[in-house]
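Colleague: One letter stands for each residue in the lines below.
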Amino acid sequence: MSQLEPEAESNHQACDQARPEPSLIPVDKLAALEAVLFMAAEPLAGAEIAEILDITPVEAEALAGQLAAQYEGRGLQLSRIAGGYQVCTRAEYGPYVAKLHQPERFRLSRAALETLAIVAYRQPVTRPEIDAIRGVNSDSPLDTLLQYQLISEAGRKEAPGRPIMYCTTENFLGHFGLDSVADLPQLDALPADQSQADPEERPAA
Amino acid sequence: MIAPEITAQSTAAHLTAPPDRVFTGHPVRLPLFEGPLDLLLYLIEREEIVIFDIPIEHITSQYLEYLASLESLNIEVAGEFLVMAAQLLEIKSRMLLPQDQRPEEDEEEAGDPRAALVARLMEYRRYKAVAEELRARAELQRFVFSRGELTNGNGHHDQAYLMLNEVSTFDLWAAFQSLLSRARETPTGEVVRPRFTVAQKMAAIAARVRWCEDGIRFLDLFDEQATLIELIVTFLALLELIRLRRVRVAQQRLLGEIRVYPVKASEEACPAGE
Numbered sequence: 241m242s243q244l245e246p247e248a249e250s251n252h253q254a255c256d257q258a259r260p261e262p263s264l265i266p267v268d269k270l271a272a273l274e275a276v277l278f279m280a281a282e283p284l285a286g287a288e289i290a291e292i293l294d295i296t297p298v299e300a301e302a303l304a305g306q307l308a309a310q311y312e313g314r315g316l317q318l319s320r321i322a323g324g325y326q327v328c329t330r331a332e333y334g335p336y337v338a339k340l341h342q343p344e345r346f347r348l349s350r351a352a353l354e355t356l357a358i359v360a361y362r363q364p365v366t367r368p369e370i371d372a373i374r375g376v377n378s379d380s381p382l383d384t385l386l387q388y389q390l391i392s393e394a395g396r397k398e399a400p401g402r403p404i405m406y407c408t409t410e411n412f413l414g415h416f417g418l419d420s421v422a423d424l425p426q427l428d429a430l431p432a433d434q435s436q437a438d439p440e441e442r443p444a445a
Numbered sequence: 417m418i419a420p421e422i423t424a425q426s427t428a429a430h431l432t433a434p435p436d437r438v439f440t441g442h443p444v445r446l447p448l449f450e451g452p453l454d455l456l457l458y459l460i461e462r463e464e465i466v467i468f469d470i471p472i473e474h475i476t477s478q479y480l481e482y483l484a485s486l487e488s489l490n491i492e493v494a495g496e497f498l499v500m501a502a503q504l505l506e507i508k509s510r511m512l513l514p515q516d517q518r519p520e521e522d523e524e525e526a527g528d529p530r531a532a533l534v535a536r537l538m539e540y541r542r543y544k545a546v547a548e549e550l551r552a553r554a555e556l557q558r559f560v561f562s563r564g565e566l567t568n569g570n571g572h573h574d575q576a577y578l579m580l581n582e583v584s585t586f587d588l589w590a591a592f593q594s595l596l597s598r599a600r601e602t603p604t605g606e607v608v609r610p611r612f613t614v615a616q617k618m619a620a621i622a623a624r625v626r627w628c629e630d631g632i633r634f635l636d637l638f639d640e641q642a643t644l645i646e647l648i649v650t651f652l653a654l655l656e657l658i659r660l661r662r663v664r665v666a667q668q669r670l671l672g673e674i675r676v677y678p679v680k681a682s683e684e685a686c687p688a689g690e
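Chains as they are written, first to last, in my numbering: chain A, 241 to 445; chain B, 417 to 690.
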């Protein structure tokens with residue numbers, strides 16, 4: 241690690257201008273952040289980092305930015321997942337990591353992916369609404385998504401039959417490496433023959 | 417996603433699709449579709465048709481041909497496919513009517529009978545495209561690892577989810593059998609053998625008899641719950657007490673009740689049990 245110190249210093253300097261009160265952050269807080277994130281099992285929110293390191297949330301965000309910059313070109317990356325920060329390996333080195341350690345991964349069927357896409361963009365959404373868009377019964381893919389905890393129930397709609405509404409979970413964001421549903425690809429980015437894109441069908445920020 | 421196919425041949429046997437979308441349970445390869453909209457979109461793309469101007473008659477015949485090929489293979493066709501077939505035929509019949517004679521109960525469909533179908537197709541196509549993007553994202557994310565997975569995803573600590581559909585009824589049966597066999601095992605543990613000594617029983621009998629001038633029943637000396645060994649030890653103790661002249665036993669009449677009496681120090685001279 242010692243050969244990294246000069247680089248850390250220079251990055252630290254570079255980010256100093258962006259932060260409100262740079263002198264309040266000792267350099268070792270950056271190392272502390274790295275240590276904490278290394279051991280964190282779940283993504284840590286800026287507020288959590290601030291509490292752990294005894295700094296302000298603004299400083300925590302700035303430190304995270306510095307760490308992310310230091311990880312450029314390294315095997316690790318600092319990702320924003322589900323509203324928090326997480327240290328993870330870069331996808332290009334995944335095949336090597338997989339030789340060492342293979343966590344359980346699952347692949348979703350096309351039906352499940354279609355159903356999940358509809359839930360993600362139209363949440364909260366009911367089963368009949370999903371069926372109407374897909375043109376087929378979606379019971380089975382919905383059950384799969386519920387079992388993988390990619391979606392969860394979100395109350396009942398005040399409509400005939402009071403159908404259950406579904407929305408996506410933090411697990412969903414983690415599975416697709418998303419910070420929030422606002423990071424989903426734009427729904428109306430389609431060929432020109434689509435002139436009547438519904439503006440309200442954008443994921444809620 | 418779908419291999420572009422420009423051939424004009426339309427028999428179902430010529431329908432092609434990437435291998436992962438082909439139903440392989442039968443010798444004939446047929447593309448599988450998620451639903452009637454998926455199938456229609458496939459036909460439209462294959463025929464390079466503009467979605468806003470679908471030649472409904474052509475598409476309907478293609479659609480029905482596909483369903484017929486499924487049925488010829490004894491593949492059960494989902495009800496949704498049949499509903500769509502009926503809708504296509506209805507649109508087709510409306511298209512045949514002159515503009516001014518079309519039924520106008522539906523204001524929305526007063527114009528083009530195909531409008532509602534086109535809107536549904538386009539909406540479905542949007543989500544289908546996004547689903548494909550999500551799939552690509554997930555594929556990339558498969559190779560991103562974090563330390564949290566060491567405790568969560570690796571199944572060593574808490575299992576995050578339980579896939580019931582991956583458990584067969586045989587698994588459940590086997591699990592239950594092992595549960596039953598475990599329940600049948602006799603609980604193991606140290607069995608403590610009750611220990612009685614003649615001396616203990618002598619002391620116990622002497623204490624019970626001591627203040628009973630009228631004596632106590634012979635049978636009362638023996639606990640009903642007592643084990644065989646306890647009964648024997650008690651009887652030996654009684655015999656020993658009699659030998660030592662600490663108690664005496666008496667029977668008032670032939671085959672009558674035997675009673676045990678204390679022996680006072682003064683009475684010691686008297687012989688026990690006449």
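Among the hints, erroneous ones may be present.
For the chain B half of the interface with chain A, some residues (derived, Cβ under 8 Å), not all of them [unchecked claim]: (1) V493; (2) A494; (3) Q557; (4) R558.
No wet-lab data here; the hints were simulated from the structure.
Since the model is a prediction, treat every value here as computed from it, not as a measurement.
The beta-carbon is built from N, C-alpha and C at its ideal position, and this holds for glycine as well.
Colleague: It remains to establish, for every hint, whether it holds in the given structure.
Modeller: Hint by hint, here is what the structure shows:
Restraint check, B:V493 versus chain A: the minimum CB separation of about 12 Å is more than 8 Å; hint violated. With its C-beta approaching chain A no nearer than about 7 Å, B:A494 sits inside the 8 Å limit, and its interface hint holds. Among the interface hints, the one on B:Q557 holds; its C-beta lies about 4 Å from the nearest C-beta in chain A, closer than the 8 Å criterion. Satisfaction of the interface hint for B:R558 is found here, the shortest Cβ-Cβ separation to chain A being roughly 5 Å, below the 8 Å cut-off.
Consistency with the previously given hints fails for number 1 only.
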